[in-house]
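Enquirer: Below, each chain spelled out in residue letters.
2 protein chains.
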Amino acid sequence: MPKPKYHIIICTNTRPPGHPKPSCGAAGSPGLLMTFNMGLMERGYQPGEVLVTGSACLGPCEQGPTVVVYPDATWYSQVKEADVPAILDEHIGKGKPVEKLKPNSVWGG
Amino acid sequence: MPKPKYHIIICTNTRPPGHPKPSCGAAGSPGLLMTFNMGLMERGYQPGEVLVTGSACLGPCEQGPTVVVYPDATWYSQVKEADVPAILDEHIGKGKPVEKLKPNSVWGG
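Protein chains in written order, with the numbering used here: chain F, 1 to 109; chain G, 1 to 109.
For the record, the hints were derived by calculation from the structure and aren't laboratory data. Values in this document were obtained by computation on a predicted structure and should not be read as measured data. Just so you know, even glycine gets a beta-carbon here, dropped at the ideal spot from N, CA and C. Be careful, since some hints might not be right.
Unchecked claim - For lysine-lysine, the following DSS-like pairs were computed, each having C-alpha atoms within a straight-line distance of at most 30 Å: (1) G/LYS5 x F/LYS100; (2) F/LYS5 x G/LYS21; (3) G/LYS80 x G/LYS3; (4) G/LYS5 x F/LYS3; (5) G/LYS21 x F/LYS96; (6) G/LYS80 x F/LYS94; (7) G/LYS80 x F/LYS5; (8) F/LYS94 x G/LYS100; (9) F/LYS21 x G/LYS80; (10) F/LYS94 x G/LYS5; (11) F/LYS80 x G/LYS96; (12) F/LYS3 x G/LYS96; (13) G/LYS5 x F/LYS5; (14) G/LYS96 x F/LYS100; (15) F/LYS102 x G/LYS100; (16) G/LYS100 x F/LYS5; (17) G/LYS80 x F/LYS80; (18) G/LYS3 x F/LYS21; (19) F/LYS5 x G/LYS3; (20) F/LYS100 x G/LYS94; (21) F/LYS96 x G/LYS5; (22) G/LYS3 x F/LYS94; (23) F/LYS3 x G/LYS100; (24) F/LYS21 x F/LYS94; (25) F/LYS5 x G/LYS96; (26) F/LYS21 x G/LYS100; (27) G/LYS3 x F/LYS96; (28) G/LYS94 x F/LYS80; (29) G/LYS3 x F/LYS3; (30) G/LYS96 x F/LYS96; (31) G/LYS94 x F/LYS5; (32) F/LYS102 x G/LYS80; (33) F/LYS102 x G/LYS21.
Claimed, not checked - Covered by chain G, per the in silico footprint, the following chain F stretches (three or more residues, Cβ under 8 Å): (34) 6 to 17; (35) 20 to 32; (36) 39 to 53; (37) 80 to 86.
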């Protein structure tokens, strides 16, 4: 198997009910993970060509769901399922971070 | 907070007892995660300067524990706690993947 071209890391952290801090899991990241995987299949990517992996807490819980695209190290915040096609078509497909989603704004960038 | 210089992804996937497939969690990755975080603290890194995040299954279960260092996209296989100082000193500290750990060999590289 060749090394994946891109690796999409999606925070799937959840917290106990009533926890004061938000979590990406509660904000919809499990659905996002499925939407990314379905979107890759629909676009004809081979399994493993682009990896999608759920992760533990990435840090910016207030701005979740957080999605990071490597090796570009592009951090997307408050990602919605409706944002997935743009990330797959523009970023994964054409190598250009999706500017309208304000990539890396979580770092003040 | 500035963007992390490195992001170390550690598979912490576990499987039910008796499952025929090995898992990085059963192969010691929870201890690895702690060893990486302790090692960063000991070396004086600020919180968030280098992120360490547990992840769901990364794929090469037979060769776990799997650790990936981004943005370099360097995949380390069968990582032991004794390997952590080399990864922190040589790779994270000096930017050179640790050749003796055969980086990316999981991809045949």
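Enquirer: Taking the hints in turn, state whether each one holds.
Expert: Results for each hint:
no., hint, result
1, G/LYS5 x F/LYS100, "holds (24 Å)"
2, F/LYS5 x G/LYS21, "holds (26 Å)"
3, G/LYS80 x G/LYS3, "holds (28 Å)"
4, G/LYS5 x F/LYS3, "holds (22 Å)"
5, G/LYS21 x F/LYS96, "violated (38 Å)"
6, G/LYS80 x F/LYS94, "violated (37 Å)"
7, G/LYS80 x F/LYS5, "holds (26 Å)"
8, F/LYS94 x G/LYS100, "violated (35 Å)"
9, F/LYS21 x G/LYS80, "violated (34 Å)"
10, F/LYS94 x G/LYS5, "holds (25 Å)"
11, F/LYS80 x G/LYS96, "violated (36 Å)"
12, F/LYS3 x G/LYS96, "holds (19 Å)"
13, G/LYS5 x F/LYS5, "holds (20 Å)"
14, G/LYS96 x F/LYS100, "violated (35 Å)"
15, F/LYS102 x G/LYS100, "violated (40 Å)"
16, G/LYS100 x F/LYS5, "holds (24 Å)"
17, G/LYS80 x F/LYS80, "violated (37 Å)"
18, G/LYS3 x F/LYS21, "holds (22 Å)"
19, F/LYS5 x G/LYS3, "holds (22 Å)"
20, F/LYS100 x G/LYS94, "violated (35 Å)"
21, F/LYS96 x G/LYS5, "holds (21 Å)"
22, G/LYS3 x F/LYS94, "holds (24 Å)"
23, F/LYS3 x G/LYS100, "holds (20 Å)"
24, F/LYS21 x F/LYS94, "violated (36 Å)"
25, F/LYS5 x G/LYS96, "holds (21 Å)"
26, F/LYS21 x G/LYS100, "violated (42 Å)"
27, G/LYS3 x F/LYS96, "holds (19 Å)"
28, G/LYS94 x F/LYS80, "violated (37 Å)"
29, G/LYS3 x F/LYS3, "holds (25 Å)"
30, G/LYS96 x F/LYS96, "holds (27 Å)"
31, G/LYS94 x F/LYS5, "holds (25 Å)"
32, F/LYS102 x G/LYS80, "violated (38 Å)"
33, F/LYS102 x G/LYS21, "violated (40 Å)"
34, 6 to 17, "holds (count 3)"
35, 20 to 32, "violated (count 0)"
36, 39 to 53, "holds (count 3)"
37, 80 to 86, "violated (count 0)"
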